[in-house]
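Peer 1: Spelled out from the first residue to the last, the chains are:
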Amino acid sequence: GEDVEQSLFLSVREGDSSVINCTYTDSSSTYLYWYKQEPGAGLQLLTYIFSNMDMKQDQRLTVLLNKKDKHLSLRIADTQTGDSAIYFCAEWGTGFQKLVFGTGTRLLVSP
Amino acid sequence: DTGVSQDPRHKITKRGQNVTFRCDPISEHNRLYWYRQTLGQGPEFLTYFQNEAQLEKSRLLSDRFSAERPKGSFSTLEIQRTEQGDSAMYLCASSTDSQEQYFGPGTRLTVT
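Sequence order for the protein chains is A and B.
Going by my numbering, the first residue of the first sequence is number 27, and it counts up by one from there.
Going by my numbering, the first residue of the second sequence is number 75, and it counts up by one from there.
In case anyone wonders, no lab produced these hints; they're calculated from the structure.
Beta carbons are placed, not taken as given, at the ideal position from N, Cα and C, and that holds for glycine.
Don't take every hint at face value.
Distance condition first, Cα-Cα at most 25 Å in a straight line; then the derived DMTMM-like pairs of lysine to aspartate or glutamate [claimed, not checked]:
| hint | chain 1 | residue 1 | chain 2 | residue 2 |
| --- | --- | --- | --- | --- |
| 1 | A | K96 | A | E31 |
| 2 | A | K62 | B | E174 |
| 3 | B | K85 | B | D160 |
| 4 | A | K62 | B | E102 |
| 5 | A | K82 | B | D171 |
| 6 | B | K85 | A | E64 |
| 7 | A | K62 | A | D52 |
| 8 | A | K62 | B | D171 |
| 9 | A | K82 | B | E174 |
| 10 | A | K62 | B | E118 |
| 11 | A | K96 | B | E118 |
| 12 | A | K93 | B | E174 |
| 13 | A | K94 | A | E31 |
| 14 | A | K62 | A | D84 |
| 15 | A | K93 | B | E118 |
| 16 | A | K82 | A | D95 |
| 17 | A | K62 | B | D81 |
| 18 | B | K131 | B | E174 |
| 19 | B | K131 | A | D52 |
| 20 | A | K96 | B | E174 |
To be clear about the criterion: a stretch of chain B counts as covered by chain A if any three or more of its residues have a C-beta under 8 Å from a C-beta of chain A, and this derived list gives those stretches [to be verified]:
| hint | stretch |
| --- | --- |
| 21 | 139-153 |
| 22 | 169-183 |
Derived contacts from chain B toward chain A, CB cut-off under 10 Å, selection only [what the hints assert, rightly or not]:
| hint | residue |
| --- | --- |
| 23 | G77 |
| 24 | Y122 |
| 25 | L129 |
| 26 | S132 |
Only chain A is shown next, with the shape it has when bound in the complex (with noise of 0.2 Å):
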């Protein structure tokens, strides 16, 4: 089945990196995102990797995955004040045309 979790709440200080991570059970996925959602508003695409890879970088955003134990991690270097928001990590499976969503890491950063 497709199910992914998140933790729900991040804390840091401003400069600090920021780490927040996922679990998926669905091993067919071949893509794995992260999108950030501001208050109101809808889903930036932030990055997305495939699951043949093993890292992606991308500015301050490096994604992580270890797929052999389904766990997806973003790291934000040098979080700003304007990264403060929620953060969801999405899976693509094979044999279905939708993204299915975590609950979201709700991150904030104080100065």
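Given chain A's structure and the hints, the job is docking chain B onto it.
Peer 2: Same frame as chain A, now just chain B:
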């Protein structure tokens, strides 16, 4: 093109009324998706169009819900006989044949 747009952004309706939402995808995107997001949850898939064909529907999409994409461009989502449980954010996303889905700002529905 500024991205996916949705209209209206907010809708308040009384229980039992019908509502219709519109989504305009990014112009060259042939795939269009509807999701629903309730408070404190991630978005849940409702339905998917490739061009004008509705190819998948979630079991969340009861017979009170109908979606169309008549010319393969904009899409509408109609909810008939609204219930309080329909209160949610309705999100539209579009993509090409790649796996990158881009979301609109959503329509927040409140059923009183």
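Peer 1: When the hints from earlier in the document are held up against this structure, which numbers fail?
Peer 2: 21
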